[in-house]
Amino acid sequence: MEEFKLTTRDEMEAETDKLLEIGRKVGADSWQQRVKNQTPHCRFGEEGICCRICQMGPCRITPKSPRGICGCDAAGIVGRNYLRFTAGGAATHSDHGRSICHTLYLAKEDGNYKVKDPEKLKRIAKEWDIETEGRDIYDVAHEVAETGLMEYGKPFGTQRFLKRAPKHTQEIWEKEEIAPRVIDREVSCSMHMTHMGCSSDPEALARQSLRAGLSDGWGGSMMGTEFSDVLFGTPMPVDTEANLGVMQEDMVNIIVHGHDPSLSEMIVEYAENPEMIALAKSYGAKGINVAGVCCTSNEVAMRHGIPMAGNFLSQENVVLTGACEAIVVDVQCIFPALGPLSKCFHTKFITTSEIARMPDSDFIHFDAENAGENAKKIVKMAIENFQNRKKDLVYIPKLKQKATVGYSYEAIVKTLDTVTNSHVDETGTTKPLNECVKSGIIRGAVAMVGCNNPKVRHDYAHVELMKKLIQNDIVLVVSGCAAQAAAKAGLMSKEAKNLCGDGLKRVCELCDMPPVLHMGSCVDISRMMVLVANLAKDSGWNIDELPVVGCAPEWMSEKAISIGNYVVATGLTTFLGVYPQTKGSEVFDGLLQGGIKDWVGACFHVVEDIDKLGDAMIEEIERKREHLHI
Amino acid sequence: MATLFERVFKGSDEMYAKAEAAVAEVSKEYSDDTTCVFPDTAYYLPCLYSMTGKKINTLGMVKEGLAWCKEQMTREKRTHDIFTSGIATACAAEIIEACKYIDGKQPYDKSPLWGHCTDGEVRELGVPLVTGDIPGFVVLIGPAPSAEEAVEIVKSYQTKNIFVFLVGGIIDQVVSKGVKTGFGVRLVCEGYDLWSVSYVISVAVRAALIFGAITPGDYDGIRKYTFERINAMVNAYEPVDDMTVACGAGAISYGFPVVTNDDNDMWRVPRSLIVQKDTKQFVETSLEARGIKLKITNIDIPVNFANAFEGEIIRRGDMQIEADGSRVDCVELVRTKDASEVEDHKIELIGPDLDEFEVGKKICLATIVDVAGRKMQPDFESVIERKFHSYINCIEGVMHTGQRDMIRIRVSKSAFEAGFRAKHFGEVLYAKVKSEFDAVVDKCQVTIVTDPEKVHELRVAANETFDKRDERLLSLTDETVDEFYTCVMCQAFSPSHVCIVTPERLGLCGAVSWLDARATHELDPSGPCQVVPKTGVIDERTGRWESVNAAVEKYSRGALSSVSLYSIMEDPMTSCGCFECICGIEPMSNGVVIVNREHIGMTPLGMTFSEMASMTGGGVQTPGFMGHGKHFISSKKFMKAEGGVARIVWLPKALKEQVRDQLNATAKDLYGIDNFVDMIADETICEDPESLVEFLTKVGHPALSLDPLM
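Protein sequence lines, in the order shown, are assigned to chains A and B.
First residue of the first sequence? That's 1 in my numbering, and the numbers climb one at a time after it.
First residue of the second sequence? That's 631 in my numbering, and the numbers climb one at a time after it.
Hints listed in this document are in silico derivations from the structure and should not be mistaken for laboratory results.
Check the hints yourself; a few may be wrong.
[Said to hold, decoys possible] A few chain A positions that, by computed beta-carbon distances, are all more than 10 Å from chain B:
1) Asp136
2) Met196
3) Glu203
4) Lys380
[Stated by the list, open to error] Here are the simulated lysine-lysine pairs, PhoX-like style, with alpha carbons at most 25 Å apart:
5) Lys707(B) / Lys468(A)
6) Lys612(A) / Lys707(B)
7) Lys467(A) / Lys707(B)
8) Lys398(A) / Lys281(A)
9) Lys537(A) / Lys854(B)
10) Lys467(A) / Lys1098(B)
Positions of the beta carbon are idealized from the N, C-alpha and C atoms, including for glycine.
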């Protein structure tokens, strides 16, 4: 058997260089080139001290002009920008969640979308006091969906899912007045607060940032995750492969990209349709190969084992292989560059959502009613495009790694159940993990999430940090583009146990799991919240006492900041590898990196040196252990 | 509250200090070049040797071993450090025990304290481990809450065939209740002090060296092997001190879970360190923690039934009745019948029952098992029949030796008093035959006969069957069959070893003949014994076939690509480690020396069995050395390529007697030599090469005139 080895960043970059070389031949643009064009970035923007909120400005803060025209200081400007950034992220995630609620509402026995996990649906219904006894499962689904939709606009009260948090955490939210009300209100309120002539108090702006974030993590995102599981099945461990080598030279390659599983699930279904496969064969292909990019990839990998072609900064590479018949996208993190790029090759760039319309794309509007029909149409378009492939432009790098993905909260508990002893332990809890942490066999856990960002060498921070952490017996739960970074490198292979310290290695062996656990897409960070909530309940410790931290070393989007806010507000200290646009105000930055700890027991730390970032997390975890006398 | 890490570090420091003191103590009296080794092992101080590769055999080197232990006791707050400290604690414990053996001392008299287990004993475990007859090991460290409970847990493990080691106060508890202990009954009292636990680790790591062919010093390789393949467990009764916790860390590093009822300052680790307050649940909790699934055969008899009782000896004074085939008529027979002639689970007794005889009586006994099944073949009768010995021996309080009409069975008074009667033989045979041969036996009935006249009739009839079977066996040669079989039963422990079983060459463990392999294949077509069609002959002299090479390559997963069945010099067959005998070439006499596992003395090669055995095993080819079964010695295919049995120049006396008749017959057939066995030397004649050649010259041994071996 071939010895297990991680794929290095150098190996991946060498292949990327070859692809870019091909790209240059056909006149393709690239993000690498655009980064050069955009550098250096505007310092005022980078530090968050450019205010473009009213037409008196833009105003910029300098030592000579410490206030804007309205008199707002750096702390107020930075704080407002930060809150707007957060609101953007919360709105985005939550709108994704809302669209899943709508899909659930339209689910029916003989429809395009069905309830695949009725048990989970019943559990949620019970949590929400919705009757399930003797009712048709679709009746229940519709009432749950409608109740979920009300979480976006009901006039009174706070988010229903807050009750999932430990009592201690709920009390903090109440006391600090950051318990999120309805989602749309938190977003609107954020926009209102940041309007000209409203809030400029840094504390108030920071508090609302946390509250808007919480409405995402414990509201919109959580509904997105939970209802996706109800509709498409709760992920359980499944084997897959990752990196560009999953694309198949002799098959029709369809790349799904974006976030909402409603689209990708349908594409996957029709790509397996015998009629479509026969059609593909009639065009000289051996079959149809669906692979994913970005969070869509996470969704279909963890439910179907669909291979992962790459993450955010790999999206252009899949087109550059010259072997991509269609790249089908829905919402979020899609480069408008894909339009012009696809024109350099035979690739069809297919947009499907009214939320994400782009030039140079074929728009096929996708909704619950026409999903099946349109999915078939898309698959057919891709197949028919196979004949247009320019053979001399095809280059598929051979790199790929095995990965075991699909560790939803439920799957983690099920995995932990396998190491319980029926004569002493109960099942269905996180207690085995607690015992590993308490005894010190595992030192703690890091929730590593987030994007790619050209400010950091692609995937390098994710992978290097993960390697360092697992070597120190720290288990990782990951999602989003961090997850794909791990999978591409090989860290989600069970063989990666050999890169761990003795403690984590033993745990991986006994649980038959990889050391880096794939928890899903970026909305699925809500799964991590459920995990820490239950870890706290099962251990008797508060969330902020747990030796668990969050980390986003290559983050870039507004969603990431929204996530950061709810992770911190839940009690997990979070380490960032890229500086947010807050450097311009020591006061506001100081709140984020210190002051808010007095409110929620956790705060942000920004450490741009990746090596030091790893050490800082390990130190924080050890500090928490000492505090607990473990 | 001390953390787990603090406890392990403290405990390992304590053990180290004790080892340091023990070494200092013996150093007062002995110099550094004094021998300091365990007896009958080729693996020095096995714990240390396996982890370091250091060949420690003097007091001076023991000191180096101690220094290594200290280096391993690192103190970072990582599992790695408690693991290395834990293993170093076990090694320091081994050093304390090794000091007791200094200068050839024998510190333990085996009544009851056993101390070091020899290589022979470890190798003996090979077959039962492979077959699952010993599903695992447990070491009980205690005293248990009461002597009654101590006996209860020991019996409970024994009935599950788990090999039990005792350390500490539980020894006296068990012994005081009259429980038999010793290696034979798989209940070994190691010592009263915690450090004697190192003897258990020593057995586990030698399994890795012997059966797994792990290189000594391959620290992680040894741990991987024990974690994946050795089902051992620790049960520690409260109070558990820091030193025990440190040893526990070592055990866990090797993959062995620790179960304790002490929850004071104890840190639970799933499937590794388990707190079970109810000591009565230790057994079930431990088996689950190590993932041991037992083959369950519920047999309705009034005494225990387990492999642990296989080695039990029943003395005349303890005997209720005896069936002795050398004095009266006795016989055991399996008969293939039509399904209509067999009533499933019918157990019939013809003649008086055991309670109708006076105490100490020699009785006639016939045990007839009739079987029917669509896939049953008469060739399997002897395969099933040969298992009677093991089945009946596993009954607590019953001893069985021999086969066919030369058997001896003793039933102890205690078994009799517990209610054991003749029909219970039937229950045991029925249950075992039906469960182990379920693929070929659909129906089975047992008839037990004690009526002397009827037994006599049956014996006469049976002998006709035996004669026919012998004729059939004689006609079975490598030339007359079309297929051989692989046997990879050992691969659970020896992953790259493959046996090729032929009519004239049984498996090297002695447990698998060609017929056994055939039956095994029939029982489990995708199991360990696969058909190797005898095709593509390459060289008849050395026994090479293309099909055999292909099978070996396939089933060793590429580790081996070529074997010759009849040569020990050219690509000899590999060994797993549980071979009955090993032969090695003796250059001066131009012959080979064979030594069996039971023989612990020196051979003319200047090596003991253990030392010769350590030259091979683990699926590695070592020209000049070969493990094999006892029956292979008199085979016409034994070393056929190098001239055959005429090469045998030395055998231990006891083994010589066992093979005498058949070996003489083979030599007569092959070379026309009469009484060839008398030309072979043994330990009463010589143990060195010079005297060996002298003797061989005197008797005119044929090996001296054969072509040079090398």
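So, going through the hints one by one against the coordinates:
{"no.": "1", "hint": "Asp136", "result": "41 Å, holds"}
{"no.": "2", "hint": "Met196", "result": "54 Å, holds"}
{"no.": "3", "hint": "Glu203", "result": "38 Å, holds"}
{"no.": "4", "hint": "Lys380", "result": "44 Å, holds"}
{"no.": "5", "hint": "Lys707(B) / Lys468(A)", "result": "15 Å, holds"}
{"no.": "6", "hint": "Lys612(A) / Lys707(B)", "result": "20 Å, holds"}
{"no.": "7", "hint": "Lys467(A) / Lys707(B)", "result": "18 Å, holds"}
{"no.": "8", "hint": "Lys398(A) / Lys281(A)", "result": "24 Å, holds"}
{"no.": "9", "hint": "Lys537(A) / Lys854(B)", "result": "35 Å, violated"}
{"no.": "10", "hint": "Lys467(A) / Lys1098(B)", "result": "69 Å, violated"}
Consistency with the previously given hints fails for numbers 9, 10, ordered from lowest to highest.
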